[in-house]
Structure formats: C-alpha cells, structure tokens
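Residue numbers (our numbering): 463 to 545.
A portion of the hints provided could be inaccurate.
As the list claims (entries may be wrong) - Derived CB-CB ranges, DEER-like: (1) Arg488 with Gly534: 15 to 21 Å; (2) Ile484 with Pro533: 20 to 26 Å; (3) Asp495 with Arg465: 16 to 22 Å; (4) Ala526 with Arg488: 35 to 41 Å; (5) Val499 with Gly534: 30 to 36 Å; (6) Arg514 with His478: 24 to 30 Å; (7) Leu490 with Ser525: 30 to 36 Å; (8) Gly491 with Ser522: 30 to 36 Å; (9) Arg465 with Arg488: 30 to 36 Å.
These are computed hints drawn from the structure, not numbers from a lab.
Cβ coordinates follow ideal geometry from the N, Cα and C atoms, glycine included.
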Amino acid sequence: MDRRLPPISHEHASRHQNDSLIVTARELGIQEDAPFVFVCECRDDLCNDNVRLSIAEYASRRSAGKDILCPGHLTPRAEERAA
463 MDRRLPPISH EHASRHQNDS LIVTARELGI QEDAPFVFVC ECRDDLCNDN VRLSIAEYAS
523 RRSAGKDILC PGHLTPRAEE RAA
C-alpha cells in the first residue's frame with residue numbers, strides 16, 4: 463500500500479507558512495504595525511519571492527479574502543494578476 467501523501471501546492475504551503483507566522487507573532491505579543499516578510503502565495507511552484515506587510519495589513523488582506531502576492535504574480539484562485 464502506498465502511504466505517501468499527495469503533493470501540496472505552492473500556494474497552499476505558502477499560505478500555511480504565512481498563517482503560522484501570524485499565529486506565532488500574535489502569541490508573542492508583537493504589535494500589529496510591526497513589519498514582517500511573508501512568502502508570495504502565487505501559482506508558480508518555483509516562486510520564492512517575499513512580500514513585506516505589517517501584521518495589520520496581512521490581516522486586512524486575509525479578511526478581505528485576498529492572497530498575499532508580489533505585484534504581477536498570478537493568484538492561485540484565478541487568472542488575475544496582483545496589483
């Protein structure tokens with residue numbers, strides 16, 4: 463029986479990493495306006511670009527249903543490009 467897990471997409475792995483960073487930052491009591499470096503959540507499996515946002519900016523984008531993307535990168539959900 464093959465017990466390997468199915469591969470996880472770049473955008474899902476990046477989103478999980480970014481969400482985990484926010485949880486840790488909040489547990490440590492880091493201020494909402496503190497700058498952080500997040501991983502781009504685009505569709506490109508080879509992308510290793512970063513996005514600089516404060517915790518508050520990250521939370522605002524996430525609550526609006528937006529992905530964390532570098533300008534011009536394709537969103538995981540559609541053929542749209544980040545502004």
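Evaluation of the provided hints:
no.: 1; hint: Arg488 with Gly534: 15 to 21 Å; verdict: violated (30 Å)
no.: 2; hint: Ile484 with Pro533: 20 to 26 Å; verdict: holds (21 Å)
no.: 3; hint: Asp495 with Arg465: 16 to 22 Å; verdict: violated (45 Å)
no.: 4; hint: Ala526 with Arg488: 35 to 41 Å; verdict: violated (19 Å)
no.: 5; hint: Val499 with Gly534: 30 to 36 Å; verdict: violated (18 Å)
no.: 6; hint: Arg514 with His478: 24 to 30 Å; verdict: violated (19 Å)
no.: 7; hint: Leu490 with Ser525: 30 to 36 Å; verdict: violated (21 Å)
no.: 8; hint: Gly491 with Ser522: 30 to 36 Å; verdict: violated (20 Å)
no.: 9; hint: Arg465 with Arg488: 30 to 36 Å; verdict: holds (35 Å)
Of the hints listed earlier, those the structure fails to meet are numbers 1, 3, 4, 5, 6, 7, 8, in rising order.
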